[in-house]
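2 protein chains.
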Amino acid sequence: MDNRMKRTDRIGIMIKILSDNPGRIIPFSVFSDKFSVAKSSISEDIMHIRETFEAFGLGEIETIIGASGGVRYNPVTAPCENKKYLEELCSRLADPGRILTGDFLYYSDLIFSPSISKKLGYMLAQRFLSSRPDCVMTIETTGVAIALMTAQALNVPLVVARKTHRITDGSIISVNYLTADKHVATMSISKRSIQKGQRVLIIDDFMQGGSTIKGMRELLREMDAIDIGTGVVIESANVQNRVINDFISLMTLYKVDKETGTVDIRPTEL
Amino acid sequence: MDNRMKRTDRIGIMIKILSDNPGRIIPFSVFSDKFSVAKSSISEDIMHIRETFEAFGLGEIETIIGASGGVRYNPVTAPCENKKYLEELCSRLADPGRILTGDFLYYSDLIFSPSISKKLGYMLAQRFLSSRPDCVMTIETTGVAIALMTAQALNVPLVVARKTHRITDGSIISVNYLTADKHVATMSISKRSIQKGQRVLIIDDFMQGGSTIKGMRELLREMDAIDIGTGVVIESANVQNRVINDFISLMTLYKVDKETGTVDIRPTEL
Numbered sequence: 001m002d003n004r005m006k007r008t009d010r011i012g013i014m015i016k017i018l019s020d021n022p023g024r025i026i027p028f029s030v031f032s033d034k035f036s037v038a039k040s041s042i043s044e045d046i047m048h049i050r051e052t053f054e055a056f057g058l059g060e061i062e063t064i065i066g067a068s069g070g071v072r073y074n075p076v077t078a079p080c081e082n083k084k085y086l087e088e089l090c091s092r093l094a095d096p097g098r099i100l101t102g103d104f105l106y107y108s109d110l111i112f113s114p115s116i117s118k119k120l121g122y123m124l125a126q127r128f129l130s131s132r133p134d135c136v137m138t139i140e141t142t143g144v145a146i147a148l149m150t151a152q153a154l155n156v157p158l159v160v161a162r163k164t165h166r167i168t169d170g171s172i173i174s175v176n177y178l179t180a181d182k183h184v185a186t187m188s189i190s191k192r193s194i195q196k197g198q199r200v201l202i203i204d205d206f207m208q209g210g211s212t213i214k215g216m217r218e219l220l221r222e223m224d225a226i227d228i229g230t231g232v233v234i235e236s237a238n239v240q241n242r243v244i245n246d247f248i249s250l251m252t253l254y255k256v257d258k259e260t261g262t263v264d265i266r267p268t269e270l
Numbered sequence: 271m272d273n274r275m276k277r278t279d280r281i282g283i284m285i286k287i288l289s290d291n292p293g294r295i296i297p298f299s300v301f302s303d304k305f306s307v308a309k310s311s312i313s314e315d316i317m318h319i320r321e322t323f324e325a326f327g328l329g330e331i332e333t334i335i336g337a338s339g340g341v342r343y344n345p346v347t348a349p350c351e352n353k354k355y356l357e358e359l360c361s362r363l364a365d366p367g368r369i370l371t372g373d374f375l376y377y378s379d380l381i382f383s384p385s386i387s388k389k390l391g392y393m394l395a396q397r398f399l400s401s402r403p404d405c406v407m408t409i410e411t412t413g414v415a416i417a418l419m420t421a422q423a424l425n426v427p428l429v430v431a432r433k434t435h436r437i438t439d440g441s442i443i444s445v446n447y448l449t450a451d452k453h454v455a456t457m458s459i460s461k462r463s464i465q466k467g468q469r470v471l472i473i474d475d476f477m478q479g480g481s482t483i484k485g486m487r488e489l490l491r492e493m494d495a496i497d498i499g500t501g502v503v504i505e506s507a508n509v510q511n512r513v514i515n516d517f518i519s520l521m522t523l524y525k526v527d528k529e530t531g532t533v534d535i536r537p538t539e540l
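Going line by line, the protein sequences match chains V and U.
Residues 1 to 270 in our numbering are what the first sequence lists, from first letter to last.
Residues 271 to 540 in our numbering are what the second sequence lists, from first letter to last.
These are calculated hints, taken from the structure and not from any lab test.
One or more of the hints may lead you astray.
As the list claims (entries may be wrong) - Under the rule of at most 20 Å between Cα atoms (straight-line distance), these lysine to any residue pairs were calculated in the SDA-like manner: (1) U:Lys389 / V:Ala55; (2) U:Lys304 / V:Ala55; (3) U:Lys389 / U:Ile296; (4) V:Lys119 / U:Asp290.
Note that the coordinates shown come from a computational prediction; the quantities given were computed from them, not determined experimentally.
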């Protein structure tokens, strides 16, 4: 009886540790030391957790073999579940009260809500899991929450490019880029933030023509880093002369019209 | 046997759900419906989880009685553990290679690392748990990661004030404030972001004289919102004419000197 209780506790604590550390490889020895049990018992527990997680759609428990091996929790969810979540979010976004002057859509309350930014950030991470990025990059400010959560799911650092030069960044690399409304703007990044050869995933909240993303890619080129992909939360449809085409989005905004109170936004087709 | 297995799974899944939703009250009925068991069994499971969490320092499992009752996971950790974590972080921050021209300290790599921002954000949340804020407020850009994590731990939205007016914020409230170097600057916030009477916790990464915090407090006054406290990650010591004094910090920066390669930073005494 006592032993059984201990197993329930052990599995519970392992689930807590795995949930709190998505994307991180945790060596079996961490658990066997913590609970003073044989690695074979931990291995059985992990198998049990994997089955439970599979059965209840709680994510993927991956076993990595070898010297730097262990167990990793990848917070992936079923595509149909993700689609349902995005559909519900789209219906919240389609509230005519969100339409601003100039036919912009107000959504910063949603992307700065921790539970929503986590869900969206994790969905983007899921799409780039196999690309194994070394870090995630975004640009201030509205992209930060989502990108931080993507970085969390992948267990990599986040790097934030700036639109203004900050003295606290130290030496910087900067590039000029052409904004959507045809102005020349500057973005910069601390030289310390990304190493040569690092594999970088670009994440942003919104994409219209893609000029900002293009600017970030240029920063990566300047730093001899590798651009491994781009994910955005919302892409605007009906854009002429888009400057980049290789990206994924979670939702597509087809129309915002203040006069008729219309917002047409839908989950992007996979 | 089958039943016992089920209990291990049930407790494991409950731990996963609680861990993934810090600060949120989850009604017992959510679990009893999900697992098709009596509320009394769920109640026993919760007691078991509470004991395990206490024994292993995994956080607080709080039972809330009444109509809107249920169970809430508060990710609080022991003060001695927090102090140890901050001491280790201080020794990383004290690396002379982090000293920038002008005796600034480079730390944005650390505060944008998801695991560090989560730990620091949760520590700040812990200090304001009993104040029950309705939302967390910060100002772009470097405060966003920490503040998002504080908001996550408290299960409340994050609101981000801007140093530049953005068209996608809609109608704004703005105030002028005097910066540390005696310039007049403007900060603004979307009118939609905070409601009258809301209890707001201000979080920022760094505080010198406190002029930015003072500006945020002024924004709150303009919105008829209630300022319930201020938490910063790092406060600078030896500041003359500090404009605010009622705040808490996690670490205190006593000295940065590029010439001698000195960085003196320590956990703030409780």
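Hint check results:
no. : hint                : result
1   : U:Lys389 / V:Ala55  : violated, 31 Å
2   : U:Lys304 / V:Ala55  : holds, 13 Å
3   : U:Lys389 / U:Ile296 : violated, 23 Å
4   : V:Lys119 / U:Asp290 : holds, 11 Å
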